[in-house]
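Note that the protein sequences, when read in sequence, are chains A and B. Using numbering that gives the first Met the number 0, read the first sequence as starting at 0 and increasing by one per residue. Using numbering that gives the first Met the number 0, read the second sequence as starting at 0 and increasing by one per residue.
It should be emphasised that the hints constitute simulated quantities derived from the structure, not laboratory data.
Quick list of the computed label-pair ranges, beta carbon to beta carbon:
no.	chain 1	residue 1	chain 2	residue 2	range
1	A	F181	B	D80	56 to 66 angstroms
2	B	A354	A	Y93	54 to 64 angstroms
3	A	P186	B	P201	36 to 46 angstroms
4	A	G100	B	T84	21 to 31 angstroms
When the alpha-carbon atoms are kept at most 20 angstroms apart in a straight line, the in silico EDC-like pairs for lysine to aspartate or glutamate are as follows:
no.	chain 1	residue 1	chain 2	residue 2
5	B	K78	A	E260
6	B	K29	B	D74
7	B	K115	B	E93
8	B	K67	B	D329
9	B	K117	B	D80
10	B	K78	A	D220
11	B	K318	B	D343
12	B	K266	A	D124
13	B	K290	B	D378
All values derive from a computational prediction rather than experimental measurement. Even for Gly, the Cβ is constructed at its ideal location relative to N, Cα and C.
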Amino acid sequence: MQALYAQLLVGLINGSFYALLSLGLAVIFGMLNIINFAHGALYMMGAFVAYFLLNLGGINYWWALLLAPIIVGIFGMILERTMLQWLTGLDHLYGLLLTFGIALIVQGVFQNYFGSSGLPYAIPDQLRGGMNLGFMFLPIYRGWVVVFSLIVCLATWFLIEKTRLGAYLRAATENPTLVRAFGINVPRMITLTYGLGVGLAALAGVLSAPINQVRPLMGADLIIVVFAVVVIGGMGSIMGSIITGFALGVIEGLTKYFYPEASNTVVFVLMVLVLLVKPTGLTGRAA
Amino acid sequence: MKHGISAMLLGTALAFGAAGGAVAQDKNIKIGVLTDNSGLYADLGGPGSTVAAQMAIEDSGLAAKGWKLDLISADHQNKPDIGSTIARQWIDVEKVDIFMDVLNSGVALAVNNVVKEKNSIMINTGAATSDLTNAQCSPNTIHWVYDTYMLANSTGQALVKAGGDTWYFLTADYAFGHALERDTAAVVVKSGGKVIGNVRHPLNTADFSSFLLQAQASKAKIIGMANAGGDTTNTIKQAAEFGIVSGGQKLAGLLLFITDVHALGLKVAQGLNFTETFYWDMNDGTRAFSKRFSERMKNKAMPSMVQAGVYSGLLHYFKALEAMGGNPHDGAKVVAKMKEMPTDDALFGQGTIRADGRKLHPAYLFEVKKPEESKGPWDYYKLIGTTPGEQAFRPLSESACPLVKK
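With the hints as constraints, model all of the structure from the sequences given.
Given below as C-alpha cells:
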C-alpha cells in the first residue's frame, strides 16, 4: 500500500509536466487553431536557455524561470510573425507540417552542436535534499515542481477564462473582424498568445532541466504523449488539458508499478478508447 | 559500317579490360558504418564512429598503395527492421564489404543474420549482447570491444566481492537489457550473491522515478542498471534525487561510456564503478589517437570505446586484406584470415580473435574521479583493476557456438 502512495505521488509529478505542456498546446490550438508540433522543441529550448544562462551568464535557476520563458517566447513570437501568421484560414495540416518541420530543424541544430546525451544542470541549492513522508522519500525539488506548475496552470486558466483580456482573446478567435471593429489589434493579440503558449513550454523545460538531462531530443520524446493528453482532454479546452495532464501522469505512474512494460503505451490505449466513446475528448464540445 | 567497326573495337577493348581485371587483384574496399546517428546512443557511436573509420582509412596508408577505399554511413534509428533493410541494400546495391559499429543489440542480431546469409563481414564494436559470439555466433562476425558477459564478469564480481551481495535489476526492455541482466545475475549467484527482483523499463525512458522507488523499496544493496546511454544517465541523476545512494544502496553501472560520464558531470557520477576496454588516457598511443579524434569532433568529445573499436577493428581488417594481396569480397574467407593473425594496435594493445569471433583484450575496472581529483576536461577515470583478456570473456568451454570445436 505504501508503494502505491509513492507511485501516485510520482505520477502527479510527471503529470505536472504533461499539464504544463498540454496547457500551452491547448492555448495555442484554442486561440490560434494551430497544431503546434514545435512545442517539444520549444520545451527543449527552454531547458537549454536555462543551461546557457547558468553556464555562460552565471544567472541562476530562479532567474531562468523568469527569463527562459521570455526569451523562448520572443523566439516563438518571431516564428508566429514571420511564418505561422500566413497560415491563418488554411487547413490544420499546413500548420502541423510547418511546425513539425521547425521542430526537426531546431532539434537537428542543437544535436549538431551538443550531441545527444545532453548536458548536466544541477538542482538549485535551496531545493536540494528531500523529506521522508513515511511512505516515500520525496525530493524537495519534485514537490516544488508539482506546486509551482499547479499554480501556473490555474493562473493561466484564470487569465483566459475569467479576465477581460481573456474575454477579448476568446472573442477574437470567434470573430476576428468584429473584435477588430471595436478597435482591438487582433494580430498582435494572437502573436502574444502564441508567445504565452511557447513561454509555458519553455517554463516546463526549465523545470525539467534539473531532473532530466538537458538533451536536444528531450522534447521529441515527450511531445507525442502530450498530444495524446490534449486529444484525451478535448482539443482546445484549457481546464480539460490541465486535469487530463495530471490524471494521465498518475495513470502512467500506476502502470509503471503494476505492468512496467506497458508504461509507454498506456496513454495511447486510453486515447483510442476515449476517441471511440467520445470523439471530442473528455471535456470537449462538439464543433 | 563505320559504326559497326568502332562497336567491335569497343567490345574487344572491354573484353580485354575485363580479363585484365580478373588477373590483377581487386583492390576496392567499401566500408559501411551502421549506427545510431541521431538517437540516444549517437554520442557513444554515431558520427564519431564515422570519424574513427575515416581516421583508420587515412592511417592505413592503403590509398598510397593503390587501394581504393570508400566509406558510407547510415542511421538505423535503433530499429532492427530498418537496420536489416539497410544491410540488405548495402550488400546488394552499394556492394559494401564490411559493416562497422552496429550498436544496439537488437539491430546487431538482425544485421548478424543478413551478413551471414550474404557472406559479408561485420566487426561489431557497439552492441553488447554476448549472444553474438555464443548461440548466434557466425563465421562472418567479429565482436570487437566488449560484451555483456565481460561486463557482468568484471563489474559484477568486483561488487559482490566488496560486499554487495543482494541485487535488484533495472533493465532496458529489449535484447541488450535482457542479456546484460541474465549474464550479471549469473555472475552474482555464482559469486555467492542473491538477486531479489527486477523491473523492466521501455527503451528511451525520461522518467525513472517509479522504477527507482521500486528498487529502493526492495532494500537490495546493489541496484544494477542493465541499460545504456541516455537511460543510464537519467537513472543515475534521478537516483541521486531520491536519496538512493545516500540511503546506503549502491548503483552499479553495468554499461557506462565516457560520453555518459561527461554528460552527467563528475559531481553526480563520482564514485561509480564500471568496466570498459578503452580509455583515452591509458598511454601515449591512446592519448595521441584521442587528441586527433577529438579535434575532428564538433563537440570536441574524446572517443568512446565503441569508436576506438571502429578504428582498431578496421586497421586489423586492412592488415588481413593486405596480407591476402587484394579484396576477395568473400566475407568468411577474410574473417578467417583475421582470426589467424594476432591483433596489435595502439588503442587496445595486443590481442587475438577466437574461433567464435570474440576479440580478446584486457578489461579495465574504473572508478569515476571526484571533481577535485580531475585535472581537466575529460579527466574522469581511475583505474582500479585489470582482468586479462583470457579471463575477462566467456571461456570457450562454456560456449554454445557451433564454430567452437570441442
